[in-house]
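J.: Fit chain B to the given chain A structure using the hints.
Protein chains: 2
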Amino acid sequence: MTSKSRAPAVSDKANSSAAQAAKRILARLYAPIAGDLARVEERYRAELSSDDPYIATLLEYIEDYSGKKLRPALLLLAGKACGKVTQDHIILGAVAEMLHTATLVHDDILDEALLRRKRASINALAGNEVSVLLGDHIFSHAFEVSLGCSTTEGARQFSRAMAITCLGEVMQVNNRNNFDLDEPKYLKIIDGKTAELYATSARLGAHYAGAAPEVCEAFYSYGMQLGRAFQIMDDLLDLLGEEALVGKTLGSDVEKGKPTLPLIHFLSRSDKKQRALALTAVKAGAKGRDELLKLLHSTESFKYAAQKARGYIEDAKRGLAVLGKNELRPLFEEIADFVLSREL
Amino acid sequence: MTSKSRAPAVSDKANSSAAQAAKRILARLYAPIAGDLARVEERYRAELSSDDPYIATLLEYIEDYSGKKLRPALLLLAGKACGKVTQDHIILGAVAEMLHTATLVHDDILDEALLRRKRASINALAGNEVSVLLGDHIFSHAFEVSLGCSTTEGARQFSRAMAITCLGEVMQVNNRNNFDLDEPKYLKIIDGKTAELYATSARLGAHYAGAAPEVCEAFYSYGMQLGRAFQIMDDLLDLLGEEALVGKTLGSDVEKGKPTLPLIHFLSRSDKKQRALALTAVKAGAKGRDELLKLLHSTESFKYAAQKARGYIEDAKRGLAVLGKNELRPLFEEIADFVLSREL
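Line order of the protein sequences matches chains A and B.
Letter 80 of the first sequence, counting from 1, is numbered 879 in the numbering used here, and no numbers are missing.
Letter 62 of the second sequence, counting from 1, is numbered 861 in the numbering used here, and no numbers are missing.
Honestly, the hints are just simulated from the structure, not real lab data.
One should not assume that every hint holds.
What the hints assert, rightly or not - Short derived list, chain B residues pointing at chain A, Cβ under 10 angstroms:
1. H940
2. T951
3. I963
4. Y1103
Stated by the list, open to error - Okay, the calculated beta carbon distance ranges per label pair:
5. B:N976 x A:D863: 24 to 30 angstroms
6. A:D863 x B:E841: 43 to 49 angstroms
7. A:S849 x B:S848: 34 to 40 angstroms
8. A:K1055 x B:R1068: 19 to 25 angstroms
9. B:S848 x A:A1011: 30 to 36 angstroms
10. A:K1082 x B:R1068: 56 to 62 angstroms
11. A:P1129 x B:K867: 56 to 62 angstroms
12. B:S848 x A:A1120: 37 to 43 angstroms
13. A:A837 x B:K822: 55 to 61 angstroms
14. A:D863 x B:A1085: 38 to 44 angstroms
Ideal placement from N, C-alpha and C gives every residue a C-beta, glycine not left out.
Chain A with its partners taken away, still in its complex shape:
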């Protein structure tokens, strides 16, 4: 047991009030689709159920992995912006959240995470085997559910997106402890592992509202930039956040040898000596944290990563020019800004 098992303590209040604030903001941003999102949640919960009491208990536990519901929200909002929200949107919103949930279940195995949203992760609770299988079940069932749409486009795009997501994650594992990883390759990894599912959700929302192909692609691109920014903010939180604030274990990415953007930036501009200091700090794990942060601050690497995230958010907003004077456009801009507000 390392620092990962320590209880969240000091910042619980701060966390609670930050989480409350985020909830209030999201409630406002999701207002135009509040009723639709409730239907998505209902469907999501209905699909994560079972006649078998043991499996029902596990699935109910996993339901709570669902957090901000950003993917279904994007799907529904894109639908609303391009026409109207249909039954297809409700189905695919639930599918997006199921797929995301399945990846979280498997991610927790990969990360050996003990906590997820401040509760025991399912692998800590029921073991890795059950986590692998339940994740697989949710994947398979999500595909089955996606076939309930009026056309196969949703099933097609989501199965493709998931295949890409998994390959992004494989690439990440393959680059563990590769401290020569450069920014373009890093971006390729996060585009796969994180952004693809956002992008696909947004595009499908537009598609099922009958939007023109260029509008669908604009939403795909919006989701892609948003996902990139989201992941970079996650990288920042992983290094700078406190356990209680992020609701999962601390600094786990870098400790596990995943080079994230601030570190990649630092290494790209450090001399041999600086590089050695940073890698020693990384290897020291929790004990090296203060040293690593000092080094990364010295090159303004956190600032660089935050600016990159901001740049993607600006790109995301600009890309929606195709919507013209659509009344929901300001809302997509606010959602983009919300991703940045996760910054510490």
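T.: Only chain B this time, still in chain A's reference frame:
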């Protein structure tokens, strides 16, 4: 490292000649669909490829997980028996084998298997993380491929079958070290984890050849009985087989606390003292093997399990009466018998 890491040695020759004999039998049984099966294999290999050199290497390695190709063969033969083999059959044959491969990749994690088909398993080679993710990738991509059919029935049935398969496996994990597991519950587990994919493959073969619903269901039932018998034979091999003969590690099911049919039968008819002896032998792992085999022989529990398997095979054959004088019917009977020939 336990006995699992020992190299297969003594029976390599026996294995090789048994494997050669099995290959010859299968070549004969698959003769009517040999060309179609080659097209399935070609498609399977094409789908398990990647532009990324690292991922391509992993996928090529995993391709060899494909063994007897019984699922695609059933699908193609059912198609041929009910009309003709179409492009849909080729696609779904590849999908069936991809799904099976994905479950093997994940099973090896669950079983902590070091060997698969006498080579290092992918998790032994590349780690559990990569195995989880590659399995997920293959699942997702298989669903994507299944959508290439002329209708969504294949995608629908296979996604449903996979969801059931995973739940069967979860139930098995939940019943690990449950030595009160009874035969009906055991059957429910193997119907899910093993038989469902055979049954679905056979049914889809009939469906895409335009067979009547009752014929489709007869094939489903045939596949189900075949799968049950196959799993029971697997259970027997797990206890009675030698590592070199089965190509994976030995007695791993019982060692890992999975009550299989011979043990369930023994426990159901043993007194307190006999039961205690058996459970002590199980807990002793490899060292308890001889004692366990002696006990299970004393109640003819292996014979009972083998008879059960034979019974399911007879049911499978009888169920195909619906085919009437179909010229392929004898071949389905031979395939059923082939499953029993795995007996030692």
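J.: Now, for every hint given, state plainly whether the structure supports it.
T.: Tested hints:
| no. | hint | in the structure |
| --- | --- | --- |
| 1 | H940 | 4 angstroms, holds |
| 2 | T951 | 5 angstroms, holds |
| 3 | I963 | 8 angstroms, holds |
| 4 | Y1103 | 27 angstroms, violated |
| 5 | B:N976 x A:D863: 24 to 30 angstroms | 28 angstroms, holds |
| 6 | A:D863 x B:E841: 43 to 49 angstroms | 45 angstroms, holds |
| 7 | A:S849 x B:S848: 34 to 40 angstroms | 36 angstroms, holds |
| 8 | A:K1055 x B:R1068: 19 to 25 angstroms | 51 angstroms, violated |
| 9 | B:S848 x A:A1011: 30 to 36 angstroms | 34 angstroms, holds |
| 10 | A:K1082 x B:R1068: 56 to 62 angstroms | 58 angstroms, holds |
| 11 | A:P1129 x B:K867: 56 to 62 angstroms | 60 angstroms, holds |
| 12 | B:S848 x A:A1120: 37 to 43 angstroms | 38 angstroms, holds |
| 13 | A:A837 x B:K822: 55 to 61 angstroms | 57 angstroms, holds |
| 14 | A:D863 x B:A1085: 38 to 44 angstroms | 41 angstroms, holds |
Checked against the numbered hints given earlier, this structure breaks hints 4, 8; the rest are met.
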